[in-house]
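For this one, chain A is given, so just place chains B, C and D on it according to the hints.
Protein chains in written order, with full-length UniProt numbering: chain A, 1 to 342; chain B, 1 to 342; chain C, 1 to 342; chain D, 1 to 342.
Check before you lean on any hint, since a few could be wrong.
Unchecked claim - When the alpha-carbon atoms are kept at most 30 Å apart in a straight line, the in silico DSS-like pairs for lysine-lysine are as follows:
1) A/K186 with B/K186
2) C/K186 with D/K186
3) B/K186 with A/K36
4) B/K36 with B/K186
5) C/K36 with C/K186
6) A/K186 with B/K3
7) D/K36 with D/K3
8) A/K36 with A/K3
9) D/K186 with C/K36
10) B/K36 with B/K3
11) A/K186 with A/K36
12) D/K3 with C/K186
13) C/K3 with C/K36
14) D/K36 with D/K186
Unchecked claim - Estimated spans, in silico, between C-beta atoms of each pair:
15) D/G51 with A/M45: 44 to 52 Å
16) A/T250 with C/D44: 30 to 38 Å
17) A/D252 with D/E110: 25 to 33 Å
18) B/D225 with C/R251: 22 to 30 Å
19) A/D54 with B/D59: 47 to 55 Å
20) D/T250 with B/K36: 58 to 66 Å
21) D/T250 with C/R23: 36 to 44 Å
22) B/G298 with C/A118: 25 to 33 Å
23) A/Q261 with C/D44: 20 to 28 Å
24) D/D54 with B/D105: 41 to 49 Å
Claimed, not checked - Quick look at which bits of chain D chain C covers, simulated, 3 or more residues with Cβ under 8 Å:
25) 97-108
26) 173-185
27) 233-246
Keep in mind the hints are simulated off the structure, nothing from the lab.
Ideal Cβ placement from N, Cα and C applies to all residues, glycine included.
4 protein chains.
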Amino acid sequence: MIKVGIVGGTGYTGVELLRLLSRHPQVSLRAVTSRKEAGMPVADMYSSLRGFVDLCFSDPADQPLQDCDVVFFATPNGIAMQQAQAMLDAGIRIIDLAADFRIRDRATWEQWYGMEHAAPQLLEEAVYGLPEVNRVQIRNARLIANPGCYPTAVQLGFLPLLEAGVIDTRHLIADCKSGVSGAGRKAEVHALLAEAGDNFKAYGVPGHRHLPEIRQGLARMSGQDVGLTFTPHLLPMIRGIHATLYGRLTRDVDLQQLFEQRYADEPFVDVLPAGSHPETRSVRGANVCRLAVHRPQGGDTVVVLAVEDNLVKGAAGQAVQNMNLMFGLPETTGLELVPLLP
Amino acid sequence: MIKVGIVGGTGYTGVELLRLLSRHPQVSLRAVTSRKEAGMPVADMYSSLRGFVDLCFSDPADQPLQDCDVVFFATPNGIAMQQAQAMLDAGIRIIDLAADFRIRDRATWEQWYGMEHAAPQLLEEAVYGLPEVNRVQIRNARLIANPGCYPTAVQLGFLPLLEAGVIDTRHLIADCKSGVSGAGRKAEVHALLAEAGDNFKAYGVPGHRHLPEIRQGLARMSGQDVGLTFTPHLLPMIRGIHATLYGRLTRDVDLQQLFEQRYADEPFVDVLPAGSHPETRSVRGANVCRLAVHRPQGGDTVVVLAVEDNLVKGAAGQAVQNMNLMFGLPETTGLELVPLLP
Amino acid sequence: MIKVGIVGGTGYTGVELLRLLSRHPQVSLRAVTSRKEAGMPVADMYSSLRGFVDLCFSDPADQPLQDCDVVFFATPNGIAMQQAQAMLDAGIRIIDLAADFRIRDRATWEQWYGMEHAAPQLLEEAVYGLPEVNRVQIRNARLIANPGCYPTAVQLGFLPLLEAGVIDTRHLIADCKSGVSGAGRKAEVHALLAEAGDNFKAYGVPGHRHLPEIRQGLARMSGQDVGLTFTPHLLPMIRGIHATLYGRLTRDVDLQQLFEQRYADEPFVDVLPAGSHPETRSVRGANVCRLAVHRPQGGDTVVVLAVEDNLVKGAAGQAVQNMNLMFGLPETTGLELVPLLP
Amino acid sequence: MIKVGIVGGTGYTGVELLRLLSRHPQVSLRAVTSRKEAGMPVADMYSSLRGFVDLCFSDPADQPLQDCDVVFFATPNGIAMQQAQAMLDAGIRIIDLAADFRIRDRATWEQWYGMEHAAPQLLEEAVYGLPEVNRVQIRNARLIANPGCYPTAVQLGFLPLLEAGVIDTRHLIADCKSGVSGAGRKAEVHALLAEAGDNFKAYGVPGHRHLPEIRQGLARMSGQDVGLTFTPHLLPMIRGIHATLYGRLTRDVDLQQLFEQRYADEPFVDVLPAGSHPETRSVRGANVCRLAVHRPQGGDTVVVLAVEDNLVKGAAGQAVQNMNLMFGLPETTGLELVPLLP
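Okay, chain A solo, but in the shape it has when bound (with noise of 0.2 Å):
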């Protein structure tokens, strides 16, 4: 059994983490730390855990995570930086859902995010934890930087076409769709159900944060740079991303054979049949990303169609697929989930 410690379990990750953790066959759960809420039963936060987590929130200040061989931070941005060095040196492995060691380059970083990293040292040993892309170098990472959400959508939309080199890198478009759960579950008045409810809008536009990540990963799989106009916009519902990204062609080439022979033999990776339009109920609470790709009345525009659920396959759920890479598990222990339709 992985002995398995989360740090910040009050935010949607931390709740999804425990959602799949506490049912996870190889894992016992061993704390979830909370400064705030240490003491408090975790399922009397959210009583969905009532009869599978059974902890209490423990204060971080009594150690409890020194005995766990991995550590999840579902934290915001600028903590497991602070605390990621010592982990590791006692032998702990790190995934952060956060961004702290998403983008390699510091100075980029610090621009984005807004503040001086802590621990730079680690920024090139962190490993990138997109299975589809660096399955191998997650097998052997110490320390994961989980992508966001968006990202991982994009990332996988994009791929193929990348990887084969069938478009033009300069000028690519992702139109994305998020679901409101991607903010996390702070009080914020454009947030609440009466302003994000019966509303669409776009946000971020001239720049988000997932924006440079996006673009160093999109840059890796062409081996060049890419220019990407990317544009958030909030969903008036609670779970689900849809990514719709727009390339242009430079060659002819059978888009949907591309698609499928890329993701035969991926796990979390769904290729829809041809004229296919997936949906984002189609992937709720599930680890899987869905895909369909269309050349509109033949043109030289490709538009790629991808789902997911942003708290698993954008978060948690690609979290716990690493650790089961990291730990020479199937990598799909635990991550068996048949989506909540309707």
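Chains B, C and D only, in chain A's frame:
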């Protein structure tokens, strides 16, 4: 033209007042105060008002309300009671959309609202602004306590039954459901879309502040104390209240006729045909309460179904209705709003 | 392995059965029938099942169910009663998720369902599949009448009170609210998102088919006829039922203790701590009914709050629970589902 | 007073026309036809209209429209073209909210709409009712082809860029999202709340009927054929369209100034301040299109964000705007609607 001011225009009852008053043919909107947002154009906060409201939020310190004929308080509880006496002394009439003057008994108010009343001398003068009950007094009032959203629907639903004395007043039940805008525009976790969306629950079952207000109103109608169980619930939508009311019939009566006759001359109460089920969307954005009365299987239980838009007939619309009465205008002036459906 | 068939797998209870049974460790899914969709892969209709259900819909004419140990009917009312006798004669056990065998009295059934009963000889043998009441009989049953969604919540909520004889049974009230999936996957205008979304209303107040079913169940619990007013409402969401139940206490009793003791050994009924307000999202996707019991202001009215997922504990999950009992499996097999929250 | 008739008043554009026309100060509503509902009070179908519309649906066989000055067709595609010539011959002007007269080229229309055109002789006379482009022609028109909902938002968003000739017209992208009311009030499974709620997906990516309409309009603006990729998506809400438009800049230009100048005199197009993100709720129920223009990171891609209420500026409101122009009224008559927010 009536010179109108609003204290606290940043919340939902505030923006709703602005929607109604900006198109009211007899109103000149003079000032909307907000300490925090002073100087900011109102339409910068609510883009729906672009082109309709040109005012900036005023600093209360600048005394922008002193020339007003009437001032609406769209503030949290406990604000109006601090300013009311001085305004009244200056000849300004007041319509308080909060709860400060709704409860006649000071001790009851202080118990339920958890603070000392700052203007107990005004409690007797204040007129409870439910026109269907107090129309004459409203016409002559200087100070209106605008009813709460739940109390409006519950009182209008029970009114014909209590006035006619046909139900057992000891065991009334009001099972009420409200959209989230009733909780105001406060940054609180439980009101996030990710918490309150796709969800339904009761709250405040042990005791809700609208209970004494409703009980006071029902007691006046029936001429005696009433026993009431009031259960509010939170709907995963923004606007709308549905009250489902239960009473035991003490004598046989034509319920449909009773309701139709009682409300025959009321411009803003609509009794639906026998057998109807009013829906909240049928009043969305409009100043109307629609009612249906049932007697399931011909038994001795009467079931009244009442819907209203909590921000209109349950708040801002009723406040404007009261203003019309106070200033001798036709009661429907500026309130001939067609509900937005679908 | 239990060989399982499903009749009518295209509706919401059908897809929910498939979600549960496809991951059930003791089930071998043999056939899902659909006259209209025969030959189509099940996962083409519900992409959520891709990778989990490989079957195509079978034509009933091909007799694909004849080797099954048990058959679930996820059909409209009136189908199971036509096929039940022949299947039972062939040694196949039946769990009917529709209403055909829920009412013991034939005349009552025919009156409320508006058709002649095709298998009245089975009405006495059929066991009402509410395990918390009929566990022993279910173990030995050949034919299970799986309870309706509303009846499950209402009966579990009133059960401790009626068994203990502490409330006046003449005037019970069940004010119930359901998500729209309870109405099934039928193309009807009133169930469109543009009609039922952002809206709330009661329906069926004069009389709903679940009324006689509930009354029958409550009468068995209390040993006498009961008077019940049942008011269903439609929630603008997909899954979830909330029942708000009212009764008059006839003697003093520790309600919290009463409920906790009654359900102490029940794996799928969860009594929340005193003062709680259960929310529908806390049971989303899981086979559990959560309850809270209140006595507002210490009066003589008891208020019970009950939530369930109408498609799980209110339908498919309870059906699987019944199957587990019928085949001697641990009752929770395949049903240890963590609710999906947020 | 203008004598107005409506053909097909039972759908969503019909009820929206009724909402607007019933309060229009210069309109006398004479008849609303519906073969199926003839004789039924209009307000029985839409309780929101109780007190505002006293008409019953008329049987078209009774020729209730023959005295009208203008008739609105709120019908499915293919109806108006059958009746238009006779009405025009009788001196009745026509505003068709369906697609019958939107495409100038008959072959294109027949290809996309899959039927033979019944009045090809009117295609040249018909004026495309987008006032911001065709105001003068609308004033003198007998027959208006009211634009589609998507086409209105997309054309208004691209208009300043195309007229100024500052973008590459070969590779335009319109990523559009619409509430479900755009699909009309038809009983179809995919539009059920249980299907379309809590869900998001693209549809019609291979080709949508609004594509040729948009392309025709953009071509007129730019004076040449345009290449357009149009991707519609379905939002889990009722009203509102958000168009996110992408183009490649071919020369440097002050985009904010360009948009503000182009729309300076337009009463129903609102250019938001630089850096804004318009939201659909800011136009709910109102006849306005709000726009924002961005140039992310100062690159060569321009992003235009456009919102409208698909039933108002995208349908019924624009139709009334056209009527105002046709009858010499101030363009805003009856359309000074404050959006409903929250």
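Hint-by-hint comparison with the structure:
Pair hint A/K186 plus B/K186 holds up; C-alpha atoms about 12 Å apart against a cutoff of 30 Å. A C-alpha spacing of about 12 Å is found between C/K186 and D/K186, which places the hinted pair at or below 30 Å, so the restraint holds. A hinted pair counts as satisfied when its Cα atoms are at most 30 Å apart, and B/K186 with A/K36 qualifies at roughly 22 Å. Between B/K36 and B/K186, the direct Cα distance comes to roughly 14 Å. Compliance with the 30 Å bound is thereby established for this hinted pair.
With a C-alpha separation of about 14 Å, the suggested pair C/K36 and C/K186 falls inside the 30 Å cut-off, and the hint holds. With a C-alpha separation of about 40 Å, the suggested pair A/K186 and B/K3 falls outside the 30 Å cut-off, and the hint is violated. A threshold of 30 Å between alpha carbons decides the hint, and for D/K36 with D/K3 the separation of about 24 Å falls inside it, so the pair holds. For the hint linking A/K36 to A/K3, the alpha-carbon distance of about 23 Å falls within 30 Å, and the restraint holds.
The hinted pair formed by D/K186 and C/K36 meets the criterion: a straight-line CA distance of about 22 Å does not exceed 30 Å. Our distance criterion of 30 Å between C-alpha atoms is met by B/K36 and B/K3, whose separation comes to about 24 Å. Our distance criterion of 30 Å between C-alpha atoms is met by A/K186 and A/K36, whose separation comes to about 14 Å. Of the supplied pair hints, the one linking D/K3 and C/K186 is violated, its CA atoms being roughly 40 Å apart against a limit of 30 Å.
Distance restraint check for C/K3 and C/K36: the Cα-Cα separation of roughly 24 Å lies within the 30 Å cut-off, and the hinted pair is therefore satisfied. In summary, the hint linking D/K36 to D/K186 is supported, as the alpha carbons are separated by about 14 Å, within the 30 Å threshold. Hint check: D/G51 to A/M45, Cβ distance near 48 Å, so the stated range 44 to 52 Å holds. A/T250 and C/D44 have their C-beta atoms about 34 Å apart, which keeps the hinted 30 to 38 Å range intact.
Here the CB-CB span from A/D252 to D/E110 is close to 31 Å, well matched to the stated 25 to 33 Å. At about 24 Å, the CB distance of B/D225 to C/R251 agrees with the hint of 22 to 30 Å. Evaluation of the 47 to 55 Å hint for A/D54 and B/D59 yields a pass: the beta carbon distance comes to about 54 Å. For the pair D/T250 and B/K36, the beta carbons lie near 45 Å from each other, so the given range of 58 to 66 Å is not met.
Look at D/T250 against C/R23: about 56 Å separates their beta carbons, and that is not inside 36 to 44 Å. For the pair B/G298 and C/A118, the supplied restraint of 25 to 33 Å holds, since their beta-carbon distance comes to about 31 Å. Taken as a hint, the range 20 to 28 Å holds for the pair A/Q261 and C/D44, whose Cβ atoms sit roughly 22 Å apart. At roughly 46 Å, the beta-carbon separation of D/D54 and B/D105 lies within the given 41 to 49 Å, and the hint holds.
Note: the segment 97-108 of chain D has 0 residues with beta-carbon separation from chain C under 8 Å; the three-residue rule is not met and the coverage is violated. Judged by the Cβ-Cβ criterion of 8 Å, the segment 173-185 of chain D is covered by chain C as claimed, because 5 of its residues qualify and three suffice. As drawn, the segment 233-246 of chain D meets chain C at 3 residues by the rule of a beta-carbon pair under 8 Å; at three or more, the given contact holds.
Violated hints, in rising order: 6, 12, 20, 21 and 25; the structure is consistent with all others.
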